[in-house]
Amino acid sequence: MPYPSDFKYTKEHEWIKAEGGIATLGITNYAQESLGDIVFVELPKPGAEVTKGKTFGSIESVKAVSDLYAPASGTVSEVNGELSTAPEKINKDAHSAWMIKIKLKDPGELSSLLSAADYEKFVAEEGSH
Amino acid sequence: MSHITRKATRHVNQNEGLIFEKSSPGKAAWKLPPLDVPEVNPTELLGPAERKTLGTMPEVSEIEIIRHFTRLSTWNYAIDLGMYPLGSCTMKYNPRVNEVVSRLDGLANAHPYQPEKISQGALRVIKMLSDCLIEITGMDSITLQPAAGAHGELTGLLLVRAYQQSHGNPRKKILIPDSAHGTNPATAATAGYAVENLKSNAQGMVDVAALEAQMDPDVAALMLTNPNTLGIFEQEIHKIADILHSKGGLLYMDGANMNALVGKVRPGDFGVDVMHLNLHKTFSTPHGGGGPGSGPVAVKQMLEPFLPTPVLITKPDGTLGFEYQRPQSVGRVRAFYGNFGMFVRALAYILANGPDGLRQTTEDAVLNANYLRKHLARAYDLPYSTPTMHEVVFSDKLQARQGVRTMDLAKRLIDYGFHPYTTAFPLIVPGALMIEPTESESKEELDLFVEAMKAIAEEVEEDPQLVLTAPHATRVSRLDETAAARRPVLRWKPEN
Amino acid sequence: MRYLPKSPSDREAMLQAIGARSIDDLFAPIPAEYRLNRDLKIPRQMAESEILEWFRDRSRENGDGYASFLGAGAYSHYRPVIIDALISRGEFLTAYTPYQAEISQGTLQSIFEFQTMVCELTGMEVANASMYDGSTATTEAVMMARRITGRNGVVIARSVHPEYREVLETYGHHQDLQAATVPFTHGGRLDPKELEKAVSSQTACVLIQSPNFFGTIEDVAAIAEIAHKHGAMLAVAIAEAVSLGVVEPPRQADIIALEMQSFGVPLGYGGPYCGVIATREQYVRQMPGRLVGQTTDRNGKRGFVLTLATREQHIRREKATSNICTNQALVALMANIFMTIYGKVGLRELAKQNLAKTAYAVQQFGKSANVLFAGAPRFNEFVLQTSEEPRAINGRILGHKIVGGLPLEKFYPELGNASLWCCTEMVTRSAIDTAAGVIGESERSIKAGQQEEFAQDEMPEMAP
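Protein chains in written order, with this note's numbering: chain A, 40 to 168; chain B, 278 to 773; chain C, 718 to 1181.
Just so you know, these hints were derived from the structure itself, not from any lab. The beta carbon of each residue, even a glycine, is placed where N, CA and C say it ideally should be. Warning: the hint list may mix true and false statements.
Stated by the list, open to error - Just the calculated beta-carbon pair ranges, DEER-fashion:
hint : chain 1 : residue 1 : chain 2 : residue 2 : range
1    : C       : 1117      : B       : 292       : 45 to 55 Å
2    : C       : 947       : B       : 516       : 34 to 44 Å
3    : C       : 736       : B       : 417       : 38 to 48 Å
4    : C       : 1117      : B       : 309       : 56 to 66 Å
5    : B       : 605       : C       : 1130      : 52 to 62 Å
6    : B       : 490       : A       : 150       : 28 to 38 Å
7    : B       : 485       : C       : 733       : 32 to 42 Å
To be verified - Chain A side only, calculated, beta carbon under 10 Å to chain B, not exhaustive:
hint : residue
8    : 76
9    : 78
10   : 82
11   : 97
12   : 99
13   : 118
14   : 120
15   : 121
16   : 124
17   : 125
Unchecked claim - Going by beta-carbon spacing under 10 Å, a handful of chain C positions derived as facing chain A:
hint : residue
18   : 946
19   : 1002
20   : 1024
21   : 1026
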């Protein structure tokens, strides 16, 4: 599956797309494949602060739970309510099943993230281990 | 099935719905004797606190209850039916004399608050068991209060904290090997400590150099399982204990694997300061579908003042009693004195064995595990060549080439009449098969197990789909755990 | 040894197959300096008949056949015989935790039924598959409230079982738990004015017990209002499960911590018992302990599995909701069968008998001594205040092979010569009358002694 070129990516397998001062984020297809059937997502409430590199929630499959790491800092402006009743949307299409939208504190933080091409290379290396 | 199985065959078994589906007003399984005091009117006595309805609580007859639970029981695997090769669970025979003695009226009907004068029997049971366990572990003192292993771990870490605090600093970290059982880090967190992972070396033992590097004045203790979850005895235990003690740290031992040690070596002799035991593992008390257990904690003398309250003492007149004036105690970890019913059972087990029986038991446990290791080491990948004791860990590396993983192999093992081994643990072995037969398995049962495991390995090569879609012979096929977690249904409702 | 299924020739054959000369080879990994070369100093191996005799002696030393007025968190109720008949089946007794669902449907379905009945009885939406006991379930309930609210404080009623409060103190001590205790009124219930003062925006939950330690039923609705007004949760501990047959459950509670020992679990000198946590559906992911859920298999057939395991220690490890692993499954099965036997009608009748016995005892004892907390409704326990020290009275009652009420000076010294008495359906009228007689005698002789002193003081000076 191609990784959208207008997204930026992290080594923790999150994607982020900035439009003006607001960024949308979620987890990548590689992440949802490794997790298996997703059963629950724990997300922050609107107004909460997230910090780049720190956890902002968690995602659960039947047998495992993983932390979600913020690709950038900001304040949560919107949360995808669909995921609380239908977390399987992430398995179906991880790149459109967004999790939260944040008002970016410093849009410059995104420049150090991976491009789609770099992320694809990174994932290929991970998979070969 | 592609192979003939000698251990298990299909058999007609009964279906049974939920008890609520059998309920009907007017059916009853109870009868109370007539009151010998005047009747009362609850509405008068309780007023608005009176309960108006008991909703959908069932109404059924006695025969229906007997059939209900008897049918349900026939759907379960159990030790009484065959081997459970579950690693670190020590699924040994649950002797029936244990059940009889725990039901003796004077012990079974004793109220925990009844006067000590008429509790000397119970107190003597507690004392005798305590003395035996202290001798078995080589420690100095013990508490029987914790209700299970994890509860014992918490108690043990509270003791560590209290001890360190009494030396001026509770410290901040607990070191835990990456091969540890999940209760270890969970407990450390509950006890208010940060967890730091300790690497294992290529031989599957604690990396002593790493321990030396990580040991600092912030480390309160190391939580060690010995033998570890790979079944490997920490041969450098002396060094490990010294490194800890030299910087004021304590050595905590998770006693889950005591079945490899009883009567052959004592943790107190090799440097352990505090440890818990699992009476429902090593000491034969029954698992009962998930409990009750009992997790006594044994300590060296310097930790004795901190033990949970109350402690058993012998009074000047020779009678036994409980001492509550314990100013340095960590407090209580539960109401009353512990799972006394399990004390009775564990003590009966110890008395039935004696010193020679216990030693022979440990030897047979280690013999059985090594026998399995020898016979399965070609069919399954053995990640560590280090000698193992009462359990052994293989991996699914060879079978993974066909896309078959440890969980699939385990499910196929069910068709062969066995309960699966422990899958996917310890975490340091990807695709682990963790096998502990215990001493309760005969050579015949072990040979049947080897035969089954070898047959499955062949099936993986010849017909992997058969294994991937197992089990085939059970009442229910693989259950949808995803749906159960996504939209949990945790109770019956009339409209279901 | 008769539990070991090996003959010497089996062992020989196995050692040969392994390539070991003797069993000592297999213990070589243990450093020689630590290997035991002596027998453990424990009693010699006993025959089964000797084991029975040893424990029968202990049973006799333990005073068998006494009537008892003890309660205080452990209750003497009749245990129907089919409970032991069923739980003694090897497939229940010797089964493991139901992680492999396909071969554990018996255990899993019975837990599902257990969870359902606990919900019905407590008025809550979800219940777990058991905790160690009421005291640890109560502690875990408070910790759960802390996680959910993100607050650190707990306000505890002093009328909660003293040992439950001790356990909470032990767990909370190093976890930065800010605990405040609120007294009870002269009516034996939590003081609502004091409660109002103690609850703040830092309070995670208010913790009460109902019926409380004294047997008195708390005004749950009023307490809930105060707690919720401040954004705090209400946790209610229930130690006497039989009360749920006739007493309205605390439906305004957010979390209920239940001790199920009354439901067919032997007193057994304090354990094993069976705790449960029941709560609202919205909090299910913060619940500790195992949960069984309904699902289907590949053929659409109904089945049951352990679910929401990601809350638990074996997955979350240090982030788990609790460190609990082994619980009390077999004991929960006893409670399950008990609830099934008595059911909708029997549980109420059983509870009514408890009310009747207690009312009669209150009436009889009240003729000579002082029954406290008369203003509020109670279930099957009450506090008695006597002129004489309770231990002395109990010493004489013991002579009739009756164990009297629990002296309270250790837990509530301010109540003076007080003791806690419990009358379940097992207490006979004759035992109540005998105890009432001893108490009456005690009161009379104390008062007579006082009158004598009084009379001596009053004696006019004799004229010389």
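Earlier hints that do not hold, by number: 2, 4, 5, 10, 11, 13, 14, 15, 18
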